[in-house]
Amino acid sequence: MNSTEGMKVVFKRPSAMTDLPFPYCPGCSHGTIHRLVAEVMDELGATNKAIGITSAGCSVRNWRQFDCDMVMALHGRGPAVATGLKRVRPDAVVFTYQGDGDLAAIGTGEIVHAASRCERITVIYVNNGVFGATGGQQAPTTIIGQKTTSYPSGRDPEFSGYPLKMAEMLSLVSPRSYIARSSVHDVKNTLAAKKAIREAFLVQIRDEGFGLVEVLATCPTNWRLDPVSCMERIKSEVIPYYPLGTFSRTHKET
Amino acid sequence: MMSEKVLMRGNEAVGEGAIRAGCRYFFGYPITPQNELFEYMARRLPEVGGLFLQSESELSGINMVFGAASGGARCMTSSSGPGFTLMGEGFTSLAAAQLPAVVVCVSRSGPGLGRISSAQSDYRLATRGGGHGDYQCLVLGPGNAQELYELTYQAFELADHYRNPVIILSDAILGQMMEPVDIEVLPELDTPRKEWAVRGKGENPRKVIKLAPYTDEELIDWNLKLKEKYQQAKDKEQRHEALYTDEASVVVVAFGSTGRIAMDAVMKARQEGIPVGLFRPISLWPFPEKALRELLPGVKKFLVLEANNGQMIEDVHLTVCDHAQVVHYGVGGGHIFTPNEIYGEIVKLEQMK
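First to last, the protein sequences are chains A and B. In my numbering, each number is its position in the first sequence, counted from 1, plus 20. In my numbering, each number is its position in the second sequence, counted from 1, plus 34.
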């Protein structure tokens, strides 16, 4: 019997996602995070109004994965591009998708000022503690002692600086905002991350403020760990430094 | 009907030209000597329902322009040398993504931090694109307040036509001087609808504004298309002004504010019987090579006058090759020519064997 009579679809690819295969490494969190963003856009009816802004890094080609209008931006400049675009197209739902090198290294100026202006944009900030695409160099978010190709004996903060906690920092400058940190290392946290991403889109759609979710992510290739061990590391090493939670909520959450 | 002229500072004439052409978005950062343009837009844009937003740097400003342009706006930014350098990534990405934008550079003395005196030392940076990769910006070099107004207006039309950034290369002298400007000579324009712009896909297939394609082969194709586009611009957009060059054996080549000062010297020399003319490039890219080449073989000597250490002279050399003598006079760092000084150089060159 190959008829689908009497069956109903309970799970499928979101319409905000193309059917092109993902280019990411096995065990990379980008796949999960992309899906959460696409599901939220569909559920909020935002997909047809959305304009996503890509950044440099492994997710540079995610314009191929999201089935909405997309604009490519230079490394770190997403928040500035989003500012110009949203001011011209205030009815569009403008979001950036940025890694930690993009947002916390080269783009630090742009994100701080976009947050301080409370730009009505949504920022998906993927923190995996390394520069993934270029082969595993130290990022501003690399944890103390973590070994990278830049500093093979491990991060010495007295030499190369202390890791940046962007969600906390930005909450200090953005009086109209929703800023949270989530993780996707297990089912419970993935569902909570989706809720946070939903709030970050809603705060824009309701013209209430700036939305940002920092999502802790894995990088099996550059952490040199298998995917399951990566999830364990998020729990044991990453979350103690980057606590989950909401750092700014200046509107009514749904 | 007598057209009413408005006494305007050069920097303000640029702003009014932009607004007349339908520009409704300015994103930028303060820097001397363009602050009058900045403040003019801050005042005028809200009056016409537009948006003025100060950016936290020129780097951020040019990226805001990128965003606004991708949404279909007529938008601009402006700066001087140090900020212009910061915009380098913006020029190459606007050109790559084929986005229209107008960028004004009110040059000051350099290099490095420089000072706020006038110079023409950003010619090379502007005419060679300002950033990495194979692309060009169209560059216009106004010489008076009326041209600052009209060429800025035309810049928006050119930017949309070629889907490319266009630079207005001004300088501190032009920016500060006050002259009457005829505003009414140009009709008011609205922002045209741009089918390629992003606005949310609605019921249509989605659009992607790309900085680069997905494959190596496509990128070579992109570069070929850009090459063709710039060849078209070279064929169609050369502009210049030529005075007394038909009868001349010595021609002074000068752009922008230097062109103005050179005029006085050329007139004085002609009164003394020296067969000298003035060739004033108005498009700096594409350089008006066709018209300049037509002066050969009659013109034997070119005096390239520019307030820098020798930048436009490279384009004169490329055009003239060995067919005439080409001499540079000028220096960067804030030197302002006097007509007498230039007259002296004309005489010297005319007498040189």
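Hints are supplied without guarantee of correctness; some may be wrong.
Using 27 Å as the maximum straight-line C-alpha spacing, the simulated DSS-like pairs for lysine-lysine come out as follows [what the hints assert, rightly or not]:
#1 A:Lys69 to B:Lys324
#2 A:Lys215 to A:Lys32
#3 A:Lys32 to B:Lys241
#4 A:Lys185 to A:Lys167
#5 A:Lys69 to B:Lys387
#6 B:Lys261 to A:Lys215
#7 A:Lys69 to B:Lys228
#8 A:Lys69 to B:Lys263
#9 B:Lys235 to A:Lys32
#10 B:Lys241 to B:Lys263
Hints listed in this document are in silico derivations from the structure and should not be mistaken for laboratory results.
Handout entry: Pair hint A:Lys215 and A:Lys32, alpha-carbon separation not exceeding 27 Å
Key = holds (19 Å)
Exercise for the section: Compare the distance between the alpha carbons of B:Lys261 and A:Lys215 with 27 Å, and conclude whether the hinted pair is satisfied. Expected result: violated (48 Å)
Exercise for the section: Measure nothing beyond the straight line between the CA atoms of A:Lys32 and B:Lys241; if it is 27 Å or shorter, mark the hint as holding. Expected result: Roughly 24 Å between the alpha carbons, so the hint for A:Lys32 and B:Lys241 holds.
Practice task
Mind checking the alpha carbons of A:Lys69 and B:Lys324 for me, to see if they're no more than 27 Å apart?
Solution key: violated (49 Å)
Problem - 27 Å Cα cutoff - pair A:Lys69, B:Lys387 - result: violated (71 Å)
Practice task
Given the hint that A:Lys69 pairs with B:Lys228, test it: the Cα-Cα distance must not exceed 27 Å.
Solution key: Holds, at about 17 Å.
Handout entry: Satisfaction of hint between B:Lys263 and B:Lys241, Cα-Cα up to 27 Å
Key = holds (22 Å)
Exercise for the section: Below or equal to 27 Å on CA atoms is what counts here, so check B:Lys235 against A:Lys32. Expected result: holds (21 Å)
Handout entry: Agreement of A:Lys69 and B:Lys263 with the hint, judged by alpha carbon distance not exceeding 27 Å
Key = Not satisfied, since the Cα-Cα distance of roughly 32 Å exceeds 27 Å.
Practice task
For the pair we were handed, A:Lys185 and A:Lys167, check the Cα-Cα distance against 27 Å.
Solution key: holds (19 Å)
In this structure, the earlier hints numbered 1, 5, 6 and 8 are contradicted, and the remaining ones agree with it.
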